[in-house]
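For chain A, the structure is supplied; the task is to place chains B, C and D on it using the hints.
There are 4 protein chains.
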Amino acid sequence: MVITARPSYARIYTALEELRTHEGVELQLVVAASALLERYGSAVSVMEEAGFKIDRQVYMILEGENLVTTAKSTGFGLAELATVFDNLKPDMVVTIADRFETMATAVAATYMNIPLVHIQGGEVTGSIDEKVRHAVTKLADLHLVASRKAAERVIRMGENPDSVVVTGCPSIDLAQTAVEAEPREPAKILSGYGGVGADVDVSGGYLVVLQHPVTTEYEQAFSHVSETLEAVREGGYPALWFWPNVDAGSDNTSKAIRGFRELHDLPNVHFYRNLTPLDFLSILLSSDCIVGNSSAGIRECAYLGVPAVNIGNRQRGRDRGGNVIDVDYDRNEIIHAIEQCRSNGRQERDLLYGDGTAGPRIAEALATATLSIEKILPY
Amino acid sequence: MVITARPSYARIYTALEELRTHEGVELQLVVAASALLERYGSAVSVMEEAGFKIDRQVYMILEGENLVTTAKSTGFGLAELATVFDNLKPDMVVTIADRFETMATAVAATYMNIPLVHIQGGEVTGSIDEKVRHAVTKLADLHLVASRKAAERVIRMGENPDSVVVTGCPSIDLAQTAVEAEPREPAKILSGYGGVGADVDVSGGYLVVLQHPVTTEYEQAFSHVSETLEAVREGGYPALWFWPNVDAGSDNTSKAIRGFRELHDLPNVHFYRNLTPLDFLSILLSSDCIVGNSSAGIRECAYLGVPAVNIGNRQRGRDRGGNVIDVDYDRNEIIHAIEQCRSNGRQERDLLYGDGTAGPRIAEALATATLSIEKILPY
Amino acid sequence: MVITARPSYARIYTALEELRTHEGVELQLVVAASALLERYGSAVSVMEEAGFKIDRQVYMILEGENLVTTAKSTGFGLAELATVFDNLKPDMVVTIADRFETMATAVAATYMNIPLVHIQGGEVTGSIDEKVRHAVTKLADLHLVASRKAAERVIRMGENPDSVVVTGCPSIDLAQTAVEAEPREPAKILSGYGGVGADVDVSGGYLVVLQHPVTTEYEQAFSHVSETLEAVREGGYPALWFWPNVDAGSDNTSKAIRGFRELHDLPNVHFYRNLTPLDFLSILLSSDCIVGNSSAGIRECAYLGVPAVNIGNRQRGRDRGGNVIDVDYDRNEIIHAIEQCRSNGRQERDLLYGDGTAGPRIAEALATATLSIEKILPY
Amino acid sequence: MVITARPSYARIYTALEELRTHEGVELQLVVAASALLERYGSAVSVMEEAGFKIDRQVYMILEGENLVTTAKSTGFGLAELATVFDNLKPDMVVTIADRFETMATAVAATYMNIPLVHIQGGEVTGSIDEKVRHAVTKLADLHLVASRKAAERVIRMGENPDSVVVTGCPSIDLAQTAVEAEPREPAKILSGYGGVGADVDVSGGYLVVLQHPVTTEYEQAFSHVSETLEAVREGGYPALWFWPNVDAGSDNTSKAIRGFRELHDLPNVHFYRNLTPLDFLSILLSSDCIVGNSSAGIRECAYLGVPAVNIGNRQRGRDRGGNVIDVDYDRNEIIHAIEQCRSNGRQERDLLYGDGTAGPRIAEALATATLSIEKILPY
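Chains as they are written, first to last, in my numbering: chain A, 558 to 936; chain B, 558 to 936; chain C, 558 to 936; chain D, 558 to 936.
Looking at chain A on its own, in the form it has when it is part of the complex (with noise of 0.2 Å):
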């Protein structure tokens, strides 16, 4: 299996942990691009701490961050991974979802006559994400995919029925484990995280705001994110208020929040950075509902039952639960929005992105697979 960025492993961690125990498989792990990265999280050192052994550590970014950049880095990954599939001999390469070192990945695999598979197919974002998401899939021998939809539109793509599993996606797994732990109070779980602004009673609910930057510009940046400030100043409910995390965009998101912050009250807002995953799904569960233009309140949250607003397009495409309420950035939209969560309260657990059991469905279609590079479209 390739792991090549933070969030890609948080994502497929349950499937991790059941394959490096599951009869008649035998897990190889290459980690690779920002994986391997101090300022990405460095993913490595996070999986080595839980006691994966790493076959392989593949560099592959060429430092620029443009797209003569990406593109060299993924030349550069693919001649490298073809080197370490050579050497591991692998009986399939797993691969996720759609970044360049995915497409990287996939490619080394084709050409290395070794069956793919690829996790995560069959999602609709659009972006040059889409693109590759849909090109993995044509190399792809074997899809495990989140959702009945997904599957649906892999088998229209062309490929065969018999090789796409719905297995659900492994980050479900995380959220029913919140759903069974024994209750936690929110506020006895917050209190070791710090953070920084007012002091918010949530003793009375509360709503979690995470907004991720779609945009590299400034001006963009601090437009999108003011609205949403606003709507959650004027609205006065007590709100946590995740930091999103450090990459290249979000630098700008995160000034534009301290810019607006110079400028104004905000009395019922606490800031916070890294919760651990578990801890983060556990107040998610507790809140009245998120906001913002995380996949959580698409995923999780459809799982969890609680309501989402979801800001401007950075979901577009993906498939989603009646528990999301979309709107532009748009102040009043998204107090309306808010109101009407309240209001509706708890929602409905839908099983959309799977019902928990993604790790050991993972784990056992892969040890079960009979696999072969050969296929042809249908049609």
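Check each hint, because a few of them may be wrong.
One copy or two, either will do: identical chains are not told apart, so a pair holds if it fits within one copy or between any two.
As the list claims (entries may be wrong) - Only pairs whose alpha carbons sit at most 27 Å apart, straight line, appear in this in silico DSSO-like list of lysine-lysine:
#1 K706 / K932
#2 K646 / K932
#3 K610 / K646
#4 K706 / K745
#5 K812 / K646
Honestly, the hints are just simulated from the structure, not real lab data.
Just chains B, C and D now, kept in the frame of chain A:
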């Protein structure tokens, strides 16, 4: 436009001719991979003789001819092409078919945010080429396909119907030139080419034989070609046999033919090496039928109305017209099919692969395209 | 000319200025590696602002900052530069000093049969740079060296004396400009730069302190810089302390300085970030002495006649003038040396590293060189 | 140890044999570049037949055989070898001579901080190899040289005398084996090899001829080899002529020999292809003299005491013993020199290139070396 092999150049030639003078089009040529190498016929020299200006040459083939080197060549080629596209800044990148260089070109253009045009998508062949061809379809923004069926497949895979244009295959353009040319006597055409084997009288009709290797093992290559040789010998019809082009596998087929000739008399067969494309098509046009596994039997002969005995599964999956009889590697089946072809006589012209205007259509499609790099699966 | 880092650009600046108008010279600039990257000061932007036309940009640094990525970056850079040299077809390639990009440039030029000019060969420093510098000397066809001693070493390594030109170091050219400029009051120069720390009265003389990290371990970095901080604090002289440039190791030195400031009062020290090169040299020129481990103490101050207290072994092996007192990381040694410097006063100008005409000399040497790529060891 | 070509393997063979059983040495073999390729004699197969375990195979030659591809191959090879060294974690890396793969190996080891051992440094030949050889010397930490003169040159270039060991050239070890072997009649040795040309009676003495191409132009290759052919024909002595190994340039030399043979009778010359190294040395040992431009005339024949007529400048700069007479491409000079050789008869054994114990000496030097990657120019 990226040209990476001599056959690709031959196939696209009429489009290139059209493009270099087409109003509103500035043609930039990147010649890469085997098209630069002597031992693959140095397409680059042929192109320069034909008056084309080559903008960039990209060496990308790592010696070794195995799975690892193919994967690595794809990676290094991708990295190189990124630089080339960054230097040339084309409005679109045009790539052909399903070779590993096609994949490198497509991924490089995708990550450089340059619209990608794919020629010859939507065809069905099996094997690794099949995966690569459809993956490139998912990366491409404009699809110039050879046949209506290919168009239909591309659309079913989720491409926007507005982005799919049936241009026909430019190889048919040359077939049309042969049809329209002043008729010439086959004996006269052949007199300039020498060759080896018996003196064959072609005035009363003749077969054209062209059989490419589908294996790299000598035993199998020998057994495959022997059935055809036996069938032609037993049938006793005048036959013009064309040696396969020199590449890895074809050495064994050539060796097998030579071995057979040492053991058996072939009083009705003359062997030829390279005819010019137009001379070859004229010879084909006057023949009773074509025997073997060349794509010419499937593509050009559909247009020419020349019957074809197609042996084995090299052309499996390719759409075919009524001119084709498929047989196994079996001398009796082959003899029987040749008889049938001869008694059926010339077929109706089938425009399955185009009507001889692919060059201008491709040029027009490229000149008038309004391309976007954004696309989204419609289902 | 290949520029790969901001310090290289600064050092070579006067030669570039000269070359861009020098008769008979066409200057082509290839900017590569860290010179393209924001977090290393984006030399490319500085160059464009200075009016230089950049012919090619080459991204070659693989993220990861370890031994493997450095080796790989050298390899990928070499492969890229081969394409660049093939496109630009220069009469000669000029490379500077002893970085891994210098090695990549030198090997690429060698195998492309392009004469190689090496600037700053023949110096002695130890460590991996030492190996690379002398290996580049053995690949180079023309050597433009900073000092007579460097020339002698290059010749002893077997280079043809006719291929070795002592031009002096172009960094001295700027020092000369500072000397010849209208004298300006230090207080006025500094008033535009802000900075942090105590208000310092520089009218009665002052120290300049500049200490770069020689280790990536925090403990050691702290202990190194603390000795200097203690010495400066105890001595009580007005001091202008310049933060090290941001790079991997210097983060720890900066952190150590901040840590020290939290624990101790520093009533006689003001801290500055970036002065323009010329302002910095003017400040240096008016100072009592420079303290730390900067090459400015060895090179520019030899010319300026400013005494230097050189701490530790960062400048080990570099030829030095009479202005330098070497000491260990020891506050007492440092205090003692500062006292000595102050009592000795301004030194004789030492032309060891040049007389301020390196730029024109380099330009002239390049314009008039008749280069051959053939050479042979004379012994 | 990194082996990149068949001749390098042949030359180092006795050292490898010694190393694989030497106490305290674990031999890791990396086979790369042309040593992996069929058309260069697939040294890797020969090595596996000889029982060597190959630890890694590195494909690094980009097809095209021109300046750009050579430079790029060096770069890609360097990047690959970094991964290999990172995986294998050797205590030292051993590289041979002065090929582009030698450079790639040396730079990779340098940046990976692995001590580098260089075999065959300090020799003088001119051309690009000369630059590369001495640059590798400046990167290497231990120098195992063939001759005392080579040692002296390496030291004069600034290397520490303690790091230079005169081992002799391992090619001499095989010459010694030939000397010590049971004497065998030349006619018997040759009887197994076939070949083409006249029946030659070798019982009364004979010449050995071996002439490699020094040019890739046919006209010049023809003119060079014709002078030798004429000289041999006119002289009328029984001659055994060995075809050059197949590589780019030698095709023309072979073609020129064939052309000459069609025009002229050569009643005293028999042509042979590959003898085993030991058989070739036995034939050499019994011959009157060797004619041509092979390194065997300079190296092995110095030890064997066989006179050599060395034609042209292919061996220019190489140290030579008293057995060599240098001549130009001129039939009269050649005839005259052959006469002189025959009248002089067998020479004194010259231990210039070793005494036949290079293998064990190299093994011992590697087993006992205490290597450091730190070095500094002593002058």
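We went through each hint and held it up to the structure:
1. K706 / K932: both (22 Å within a copy, 19 Å between copies)
2. K646 / K932: Classified as within; 21 Å inside a copy, 36 Å across copies.
3. K610 / K646: So K610 and K646 pass the 27 Å test inside a copy (17 Å) and across (18 Å) alike.
4. K706 / K745: neither (39 Å within a copy, 64 Å between copies)
5. K812 / K646: neither (47 Å within a copy, 34 Å between copies)
Violated hints, listed in ascending order, are 4, 5; each of the other numbered hints is respected by the structure.
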